[in-house]
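Make a model of the complete structure from these sequences and hints.
In order, the protein sequences belong to chains R and Y.
Each step along the first sequence adds one to the number in UniProt numbering, with nothing skipped, and position 402 is 402.
Each step along the second sequence adds one to the number in UniProt numbering, with nothing skipped, and position 323 is 323.
Misleading hints may appear alongside valid ones.
Pairs count within a copy or across copies, as identical chains cannot be separated in the list.
Lysine-lysine pairs mimicking DSS-like chemistry, simulated, CA-CA at most 27 Å apart [what the hints assert, rightly or not]:
1) Lys-263 - Lys-356
2) Lys-344 - Lys-238
3) Lys-239 - Lys-205
4) Lys-242 - Lys-205
5) Lys-361 - Lys-263
6) Lys-242 - Lys-149
7) Lys-181 - Lys-52
Please keep in mind that the hints were generated in silico from the structure rather than gathered at the bench.
Number of protein chains: 2
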Amino acid sequence: MNLEALRDRNPDHWMKAAAIRALTLDAVAGANSGHSGMPMGMADVATVLFEKHLKFDAANPNWPDRDRFILSAGHGSMLLYSLLHLTGYAQMPIEEIKNFRQWGARTAGHPEYGHAEGIETTTGPLGQGIANSVGFALAEEILRARYGKKIVDHFTYVIAGDGCLMEGVSQEAIALAGRQKLSKLIVFWDNNNITIDGEVSIADKTDQIDRFRASGWSVFDCDGHDPEDIDRAIDAAKKSTKPSMIACKTHIALGSAAQDTAKGHGALTDPQVVADTKAAYGWKYGPYEVPANIKSQWEEIGRKGAGAQEEWCARFAGLSVTKQAEFTRILGRDLPKKLPAAIKALKRQYVESKPKVATRKASEMALEVINEIMPETVGGSADLTGSNNTKTADLGIHDIDNRNGRYIHYGIREHGMAAAMNGMALHGGIRPYGGTFMCFTDYARPAMRLSALMGIPVTYVMTHDSIGLGEDGPTHQPVEHLAMLRATPNSLTFRPADATETAEAWEVALEQKSKPSVLALSRQGVPAVRKDYKTKNLVAQGAYVLAEAEGKRQAILIATGTEVSVALEARDILQAEGIGTRVVSMPCMELFEQQPETYRRRVLPAGPVRVAIEAGVRQGWDQWLLGERGKSGKAAFVGMDGFGASAPAEVLYEQFGITAQATAAKVRELLGSK
Amino acid sequence: MNLEALRDRNPDHWMKAAAIRALTLDAVAGANSGHSGMPMGMADVATVLFEKHLKFDAANPNWPDRDRFILSAGHGSMLLYSLLHLTGYAQMPIEEIKNFRQWGARTAGHPEYGHAEGIETTTGPLGQGIANSVGFALAEEILRARYGKKIVDHFTYVIAGDGCLMEGVSQEAIALAGRQKLSKLIVFWDNNNITIDGEVSIADKTDQIDRFRASGWSVFDCDGHDPEDIDRAIDAAKKSTKPSMIACKTHIALGSAAQDTAKGHGALTDPQVVADTKAAYGWKYGPYEVPANIKSQWEEIGRKGAGAQEEWCARFAGLSVTKQAEFTRILGRDLPKKLPAAIKALKRQYVESKPKVATRKASEMALEVINEIMPETVGGSADLTGSNNTKTADLGIHDIDNRNGRYIHYGIREHGMAAAMNGMALHGGIRPYGGTFMCFTDYARPAMRLSALMGIPVTYVMTHDSIGLGEDGPTHQPVEHLAMLRATPNSLTFRPADATETAEAWEVALEQKSKPSVLALSRQGVPAVRKDYKTKNLVAQGAYVLAEAEGKRQAILIATGTEVSVALEARDILQAEGIGTRVVSMPCMELFEQQPETYRRRVLPAGPVRVAIEAGVRQGWDQWLLGERGKSGKAAFVGMDGFGASAPAEVLYEQFGITAQATAAKVRELLGSK
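Shown next, in the form of structure tokens:
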């Protein structure tokens, strides 16, 4: 590359972009780790985007109608941090850049949502950002339809690398965005032809232009180092009626000795390389130094949206008081005041009707109430609508001609669905939930982890939660999945036992502002186990005494979901034999763990033998069987110790020994009275 | 559809295909569950494939050079079962068809590998079969290069549906196959335009033809109900120098009232519908009845490869004795006799050199020995070769011009890599291993579960196994992953502590014939903890006493991987204070669990307080802390209780309190002597 020619063509632009490149070199050298090449390669594109197109106001980073900028290629985090610093975000002073990748800094190795304003999502695991962006763009469409173009009208811009495009989830995202014609989604492909192992061609020869076109995208290209060409491409993309991909031909690690090589992908830390590269840029300043004239140009860019932001505030003030309040409420993730009473009314009704339904059906019954009260819910399923019971009567199908539709046909794309839901929750104003078979949490897993890591309230409706799925067999029967979900920090896994617990679980899930929830729901019908009306949400306590022992308390049965009724049956058998047996329903281990010790001891007192019953693996149960004063060690587990099988559900329960009889036998054995 | 016209055009073909359709209707009706539509739609394609093209011999189902038939759309299992029954596979008598989806039957809801010969892989989770098939085709290329075209020369045929093609993993598979020009891979796309939720277009408008072409495939199409057109398309595909996709225009649930509808996807069980549909086919026979003339035509198809099979045996007998023995050995998943001695020699060497290396580096050192002795290993990485240390010096890069290459650049495709490895292991003759960062087991998870469910010896080399990864931050730091892996039945998770344990872990992993293994390996260097040479493979016992207490044994520290050296340091501190402390290294919980109780008690005797140290979540540890006679409850855990952070590794260990000092403090606290 002839850097001088580039510089001479547009010196103002060049120096602004050079500031990004120099900060990147300094920060990576300072941290002695990181990724220099991508920010150095994409600095021109980002500069043009921020200067000429991105609608934002650095002084009001949370302005709801800002354009969103998603750095899908998250390893290039210094690109984002540089931009936030240069444009004057208060939370990104130069000290943060100097602390890149250090303990307590906002500038983590990869962008972490919540660390600093301006970081719209956590990226790093490749493909997630581009898949989130579909959710951002969907949220924009839905809210625009609801609140009007004067309140919601912005673009979602994404920078994606070759890694993002090789990950399968990108295909799910691309196809979904193309199908939904998300015309305000614009993806820049950093076409630098390099990955960690070498040139892209060692692993991929896909024609990305054709691939995007095949899924209904507009495709543009540009010289990623020519500001005018970049500007032209963005202008064209903004006019498209389809989502747009702009292929940006760039040079990774531009201007360094490692330019256009895999070495350039990683950390350039050699002082000589850093010095030579800066010299090649014509950058004569010390480490972390940005001269005042360049910084002030960048700060002007950071302020350029201020007027638009003020005009937006005026327009917002012109909305009806009700609309304003609603908009503020949903952006704040607050629940409508009506919800608690509606859930209570439902519970009261169940005490009367004692519905014997599958908990997936109970979930639908709860959603019928919730979706009517909460205009911010957006449901969907990965092509299992009738099985997941995720669609309620009043949710229209979201489509090009019905942007008010709040139900999304995600297609057979669990991963893309989960990532899109993350995007909607991050955008704000939407409470997304989506369903698939619980076994296929496996497919959605990378995005589900990010829901937890980011701390965002996405609700996963995972039905067919055990061998109770029956004939579809072991490929479709979760066995280890409850343990896996519970092992994940900062998330709640609910396995409600009946319609009442399901309604309560939904209420608790919706109350969360900073945690995702998984509802593990049954295929098969269950009897109502909660006979009396309780005002209190018992699921919120994680576990509670469902049936007390009669006579001397000799045994405690702890169960979740469909196995709670098995426990009650076992209790009947044991009580008939004079063995006082308490049944504890434990719909959410994580919440029970958070209860005061006094409450936990009251639910699980020392003394009686303990048997847990759950049609999954034992892992995670020892805490309640052997810990929590269960130190007698007189404990057993009734569940699965391997994969399932294909047969009718009731046969499987019998064959795998998850029955009231087997449970009662365990208790007798532990009591030494078999 | 005018079924009569179809029948009249080719009555022989029609009746053979009708037999598949009728058996499907009967079996689904009998089970009162299942998927009728796909077998009914694809019966013509399958009939032509089996009759005119598929090289197989029903009497010798495991003939190594058979063509492979992969039913990626696994819900259409009755298509496969019908074909196996009709062509005369011994393990698929009519009784199995009658027992479809029942306890103990070979005919599970979805095809399960190992249930019956002729089921080449387990499918049902969508996209897995097509992604497996890339591994099958790669294995064929590699073995053909090694043993010659006379011994290995077959096609891999796949039937994939819209669900398979919507799943992101299919893109990873398609791109990898296109890049590797796997010309003997032929995929039939069942283009029926229907998914569970409705028409494909509600969720997808991707032009699949363009999409496959963009990744370097040949694309053909055919009328999926016209046998001549199908035959022509297959002929053309077989001649292509690229992988081929044949778009088969079909009608789901052909001839039934539910034809071309989402209802037709599922179970057609209504007796009238079944009767009417059979009548429309001109099928006049009772349930499960196939008239002799049709059955005998099918059986002839089942025998048509017998001659080729015999000729193959003759050619095989012509190989050198050494080659024959090797081929037989690798197909039998037997280890070369030299391996144990070579591992022992390596261990002996380590006792001398006491290498202080990261266990990922130790894995490479073991692989240098293994790969030289085992020509059947095929390594690779999802674009992290230098970080995963998966490439040894003698492995050439597999490529179009180097089919002898045993190292595969999978690209940034963890899921596709895992599924391809499953395919290679299933094909036979290959022992695949592949690497990525352990955090990204999340991406590979659906295929990893299938390795375990199928019971096949794939080895996952998962490096950067904790917060020890450092600055890349929480998105890249596994915390819950050890628990998740250990929760998965029928798999082994190893976390070796040093070079010696890593060599032993590799040996145990390779000894497995029916289980996958995960090696969780460190980024950071560790000291040698095994000082003395032991002939015995101690890792094979799962856990063992690494350092005995001096004086009265008051505490047992249990640790894995990089935390074993932390435990040894803590022991030094405690012993200096007169607290007798044993250190147990536990590189594989699953194997320890399988040891006799006497051994387990010897390693973890009752009495001393117990502290486990692992830089992950506690879940899974209570079994060893509170169970196994640890009933005093005097136990504690030193590890993580949330996500990690971005900072240098040593800072993170300090900040999260995973240190020798913190461990010693826990012991003192438990002993009441703080």
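>> Check the structure against each numbered hint from earlier and tell me which ones fail, lowest number first.
In response: Hint 2 alone not satisfied by this model.
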